[in-house]
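4 protein chains.
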Amino acid sequence: MNDESHSNIMNPDDTAELRQLYADFEAEHLMPLWTQIDDIMPVVPKPKALPHIWKWSRLFPLAERSGALVPVGRGGERRAIGLANPGLGGKAYITPTLWAAIQYLGPRETAPEHRHAQNAFRFVVEGEGVWTVVNGDPVRMSRGDLLLTPGWHFHGHHNDTDHPMAWIDGLDIPFSYQNDVGFFEFGADRVTDYATPRFSRGERLWGHPGLRPLSELKDTVSSPLAAYRWEHTDRALTEQLLLEDEGQPATIEPGHAAIRYVNPTTGGDVMPTIRCEFHRLRAGTVTPSRREVGSSVFQIFEGAGSIMLNQVETRLETGDLFVVPSWTTWSLKSETQFDLFRFSDAPVIERLGFARSQIEGAAR
Amino acid sequence: MNDESHSNIMNPDDTAELRQLYADFEAEHLMPLWTQIDDIMPVVPKPKALPHIWKWSRLFPLAERSGALVPVGRGGERRAIGLANPGLGGKAYITPTLWAAIQYLGPRETAPEHRHAQNAFRFVVEGEGVWTVVNGDPVRMSRGDLLLTPGWHFHGHHNDTDHPMAWIDGLDIPFSYQNDVGFFEFGADRVTDYATPRFSRGERLWGHPGLRPLSELKDTVSSPLAAYRWEHTDRALTEQLLLEDEGQPATIEPGHAAIRYVNPTTGGDVMPTIRCEFHRLRAGTVTPSRREVGSSVFQIFEGAGSIMLNQVETRLETGDLFVVPSWTTWSLKSETQFDLFRFSDAPVIERLGFARSQIEGAAR
Amino acid sequence: MNDESHSNIMNPDDTAELRQLYADFEAEHLMPLWTQIDDIMPVVPKPKALPHIWKWSRLFPLAERSGALVPVGRGGERRAIGLANPGLGGKAYITPTLWAAIQYLGPRETAPEHRHAQNAFRFVVEGEGVWTVVNGDPVRMSRGDLLLTPGWHFHGHHNDTDHPMAWIDGLDIPFSYQNDVGFFEFGADRVTDYATPRFSRGERLWGHPGLRPLSELKDTVSSPLAAYRWEHTDRALTEQLLLEDEGQPATIEPGHAAIRYVNPTTGGDVMPTIRCEFHRLRAGTVTPSRREVGSSVFQIFEGAGSIMLNQVETRLETGDLFVVPSWTTWSLKSETQFDLFRFSDAPVIERLGFARSQIEGAAR
Amino acid sequence: MNDESHSNIMNPDDTAELRQLYADFEAEHLMPLWTQIDDIMPVVPKPKALPHIWKWSRLFPLAERSGALVPVGRGGERRAIGLANPGLGGKAYITPTLWAAIQYLGPRETAPEHRHAQNAFRFVVEGEGVWTVVNGDPVRMSRGDLLLTPGWHFHGHHNDTDHPMAWIDGLDIPFSYQNDVGFFEFGADRVTDYATPRFSRGERLWGHPGLRPLSELKDTVSSPLAAYRWEHTDRALTEQLLLEDEGQPATIEPGHAAIRYVNPTTGGDVMPTIRCEFHRLRAGTVTPSRREVGSSVFQIFEGAGSIMLNQVETRLETGDLFVVPSWTTWSLKSETQFDLFRFSDAPVIERLGFARSQIEGAAR
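Protein chains in written order, with this note's numbering: chain D, 1 to 364; chain Z, 1 to 364; chain A, 1 to 364; chain L, 1 to 364.
It should be emphasised that the hints constitute simulated quantities derived from the structure, not laboratory data. Beta carbons: idealized from backbone N, C-alpha and C, even for Gly. It is possible that part of the hints are untrue.
[As the list claims (entries may be wrong)] Okay, the calculated bits of chain A under chain L, using three or more residues with CB under 8 Å as the criterion:
(1) 157–169
(2) 250–257
(3) 261–269
(4) 340–349
Between the sequences and the hints, there should be enough to build the whole structure, so can you do that?
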């Protein structure tokens with residue numbers, strides 16, 4: 001407990017009778033609250049997950065080596081290498097709710113189709129040439145794009161080029177596993193459509209600002225827009241900073257532009273368990289220290305800067321990933337214009353009523 | 001009543017006693033239901049509003065003449081000429097809920113700022129050169145654009161050119177008047193900002209598909225996107241027809257593409273009382289006959305075709321407007337590609353639980 | 001306009017040319033905005049409906065006389081006498097949206113079944129012995145009860161006793177008529193079930209606080225609870241005043257207890273167009289003056305007091321009804337404990353974004 | 001994987017190079033998906049939690065013994081003994097999301113006040129005499145009652161009698177711990193109000209069916225009704241079975257009545273993470289086999305019968321508890337009238353889009 005003036009009066013004397021009681025508890029599959037309340041009901045969140053940084057310069061060569069040694073195909077399904085939070089005991093969980101991996105697809109390779117209850121997205125920090133086929137709709141993957149494969153949508157990937165490509169996958173695998181909600185089904189061993197259109201059918205239907213097809217009036221749990229293109233994200237952020245220059249409200253704090261990717265049928269998060277955002281800092285910006293309930297992962301998209309996590313500052317470059325566990329204080333600092341992709345479990349936290357945040361020592 | 005086998009057994013004999021009763025009712029501000037139920041509770045809606053067509057070729061010259069004779073300015077506020085449904089007894093109501101007008105602004109003129117509880121939009125069938133200033137944000141008006149001035153937003157217009165411009169205004173004036181919900185306030189006698197930017201601040205913040213500013217997470221009653229540009233509308237409709245060509249679901253019925261303009265914070269209608277849509281028919285398309293509860297107004301944007309309203313067919317050209325009263329059967333027929341803007345009171349009907357529709361004799 | 005310093009500069013000289021223009025407008029079914037804006041876009045709501053009071057002591061004898069002279073049955077459907085607002089030009093509308101009537105059913109009479117899109121309720125100020133059969137479910141009507149017959153539910157009434165009974169009906173007939181949303185259908189000429197159970201099936205399923213049948217998990221547009229019993233209403237109000245005595249938050253203002261009747265599937269209004277409430281004032285209470293957008297009707301259920309409507313005070317007794325048009329200032333004053341039933345069009349106003357209110361000169 | 005015809009082609013040869021790659025992965029806190037996908041992305045949920053039954057006849061004496069040996073008070077906070085699912089490795093978790101405990105309070109004892117982000121309820125299978133004080137409001141605890149202490153509400157308990165009392169506590173401790181959302185704060189060392197009213201203030205305000213205080217129009221995340229009384233639950237279930245006898249729709253399946261406890265401000269679940277229900281089977285009823293995503297706990301309230309969990313049948317008596325892990329097939333069989341309280345994590349599952357269920361082999 002946080003208050004040392006409260007001694008625990010529920011520490012009974014260690015008698016034979018008490019030991020027998022505890023043994024009898026165990027035999028009946030029982031455990032007392034009073035011996036473990038400090039652990040399981042902490043004063044503030046005490047995540048086992050640790051703040052940690054993965055360097056793209058080390059991830060990418062390892063992905064390349066796995067490309068040479070490990071074929072992609074049915075069974076393992078994806079040449080994806082998960083980021084394992086050092087505090088989470090040997091599971092490939094970046095946070096208790098989220099999975100993040102680098103996925104690598106060699107020239108002309110195909111990752112076969114499957115579907116699962118888990119929600120997934122991909123974000124492309126560099127490269128191009130792969131198409132993701134989502135429920136039969138081929139979706140181009142290019143630098144800066146966010147691509148969705150929401151729960152129970154069939155999807156596969158194929159590389160249409162003679163060079164490899166890598167990107168990051170984000171999923172709610174830990175959450176699904178922990179709460180026993182996962183289903184999985186194989187699809188085609190190849191992707192169902194090898195076409196390589198510039199724009200997916202989903203974008204052609206839904207990618208027009210403020211315009212909804214009359215054939216699609218039913219709201220959907222996840223976004224029907226399979227691709228959020230860099231061109232739009234970049235323009236939105238650019239405009240926010242220009243508006244700030246003009247003295248207009250647009251940024252969330254001085255020098256800090258940001259957008260949330262949303263489901264156009266509702267204006268809410270793209271998927272029920274994962275929030276996706278993109279942040280841009282002007283050169284020379286320091287964001288206020290803040291902490292939030294729930295966990296986040298960031299990837300540097302471009303520019304140079306650093307992250308301060310619980311007082312420890314680390315310099316970051318393109319492709320680097322870092323994780324912010326629940327209630328961990330963080331602040332960003334930019335040297336150049338600094339672009340970051342972010343995803344988190346905020347929809348889980350908010351829909352279940354657990355959201356709290358603190359900025360720079362303000363009352364929570 | 002619809003069933004002639006039911007005689008009205010509540011027709012008492014016309015006695016002196018009954019006459020005295022009815023006179024006493026009147027003296028006490030009372031009226032029996034049984035003598036008027038057929039009128040006030042009809043078997044199906046029996047609108048007083050009539051189907052009617054206004055020709056742009058006659059509207060526009062009248063607007064021009066008013067430009068010469070009537071100054072625009074404070075008091076009258078707008079050089080707007082309302083379309084008066086022939087069935088609605090001399091009020092400038094195009095339906096019981098909706099107002100439609102042609103507004104005309106001469107070279108270099110300004111229509112002063114004001115705000116009102118009534119929701120309003122403008123749709124531009126031809127021309128350019130005017131800016132609407134909405135809560136201080138200058139919004140360019142160009143051909144094919146939909147511009148919003150939701151309830152209680154200050155707005156004025158100014159013509160930045162040496163030629164006149166005309167467009168249509170749509171409002172919920174009849175609904176507001178009938179239900180006593182209207183408020184009105186004068187603003188600046190000039191517009192507050194004579195800048196003529198290509199894109200308004202609202203578009204720069206909100207006009208990116210599926211991207212929401214993190215500074216704007218609170219949902220709004222009306223759309224924050226003041227302008228829906230023709231370029232986007234046209235592309236969305238074009239894609240729907242191309243997708244149909246490819247055998248993909250996209251149109252609402254064969255040859256009939258359509259979009260609804262929506263509030264990006266919710267995916268719902270742009271304003272709480274007015275729905276706005278745009279429809280495009282391929283050449284040679286005939287839509288099924290349908291009828292709906294609630295009233296609509298259409299304006300031909302481009303192309304040639306005709307409207308069948310209660311069995312009466314009328315040929316239509318660019319700029320022509322027609323009104324479809326509640327539960328009136330309508331069908332469109334196209335000769336060329338046929339583009340139509342539509343607005344209606346559907347949000348009122350749906351939010352209050354009165355929606356019904358029938359297509360081609362299907363059971364309602 | 002509210003600001004007399006603004007002359008209307010849009011009053012062009014009355015020339016022959018202008019007259020010709022106006023005549024040409026008329027020929028084309030057009031009307032200028034500038035000549036009528038003061039009327040149709042007022043600074044604040046200027047309802048045609050007037051504040052008015054109907055005395056139960058005069059209503060009831062007239063209902064009795066109609067019982068003697070006018071049979072009840074098919075065609076006229078109901079022996080209901082509508083309260084016609086003196087400002088609404090000879091229609092039986094108590095406000096632009098609401099209908100209120102006294103309905104009278106003689107000993108052993110039946111009012112035949114029908115259904116209509118209009119939403120309806122009954123409130124019983126005195127008497128008992130009638131059952132309303134709603135979609136086949138017989139619902140007892142007793143003093144102080146609120147009974148619902150939401151849109152498109154079949155319903156009829158029958159008097160199981162040897163004495164007559166009267167009550168008030170509230171409907172959205174004016175709103176439905178004005179907006180052309182009404183449908184009507186005859187049902188059985190008799191009621192479908194002459195059983196006289198103490199509690200309806202709807203109450204037996206739904207009338208348990210905070211308990212929802214697992215067989216009824218789909219939310220409904222209108223409340224599934226056909227009857228709200230006086231016993232519960234009285235107890236809820238009594239408790240609020242006792243809590244106030246104990247210094248606990250419970251009343252809406254000192255001495256003023258109130259409940260809203262709600263749909264248990266949503267916690268919202270009982271029907272999409274009509275709000276129903278019950279108010280109780282301690283003896284000697286004066287409520288602050290207030291005005292609201294939207295119109296209300298009150299009926300005195302018990303006690304003595306008075307209503308101040310736009311500065312005019314009128315004393316009220318059991319059964320008296322009064323109407324508060326939109327934006328009309330009102331205040332209640334109680335001599336004894338003072339109980340009032342209220343219904344209004346507030347759900348229309350709120351769902352469509354027009355709600356505003358003012359209390360005692362506070363800024364709106 | 002479920003399909004044995006798919007061999008895992010992603011099993012590369014066990015070479016030195018591969019071993020080095022895997023070692024390098026580990027050094028960089030990385031783990032491949034392909035070696036663990038079968039575990040973390042199962043075809044259907046494969047809960048670690050096991051179906052299990054705890055006998056009240058063994059729980060209660062252990063609670064009594066702890067009453068003699070362990071004082072209740074600050075630090076340990078509650079004399080609560082958690083049910084530890086045998087599959088969950090030594091934590092007092094009954095499912096991955098839910099905590100269930102028997103709590104025991106001796107004569108005249110007080111459990112001190114505290115609050116926590118975790119949502120909690122108590123259900124009383126026998127006894128009376130304790131009051132829970134929730135945010136200062138004393139709430140009587142009696143047989144058959146459900147009592148809520150939603151997240152961040154202060155609460156303590158005190159026994160006003162000379163005999164002990166025991167009940168079950170249900171919380172979302174595992175979910176909160178796993179996802180790092182927990183906060184905890186001490187309150188008064190005694191309860192703030194030792195009054196013992198028959199009804200809490202929350203019940204007096206909110207416990208009237210379909211009536212909402214006008215002073216409480218803002219919807220709340222959790223139910224404002226701190227107590228759901230047995231008298232109401234029993235009556236609701238009795239009526240469902242009587243309606244079934246009359247041939248009316250009321251039960252969820254023949255012989256199976258059930259209610260969900262709901263938040264009267266929304267009609268939805270009482271708390272954002274925990275669903276509470278009560279089920280009653282007529283004597284001689286067998287429910288169809290079903291399985292659902294998400295986990296449940298049942299306690300027998302009265303009567304005799306048995307539970308079939310994954311083909312294993314166990315006889316149950318009053319007070320016995322059993323757990324149904326995710327996607328575990330279950331069916332109830334009653335000998336007498338059989339009453340069961342149920343709680344589950346269904347709101348988590350549904351709000352996050354993971355709900356699925358199967359009844360008797362029907363397609364999921």
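Now the hints, each set against the structure:
Given a C-beta distance limit of less than 8 Å, the hint that chain L covers the region 157–169 of chain A is violated, as 0 residues qualify and 3 are needed. Three residues within the 8 Å Cβ limit are the bar, and the region 250–257 of chain A against chain L gives 3, so the coverage statement holds. For the region 261–269 of chain A, the stated coverage by chain L holds: 7 residues have a C-beta nearer than 8 Å to a C-beta of that chain, and at least 3 were required. For the region 340–349 of chain A, the assignment as covered by chain L is violated, since 0 residues bring a beta-carbon within under 8 Å of that chain's beta-carbons and 3 are needed.
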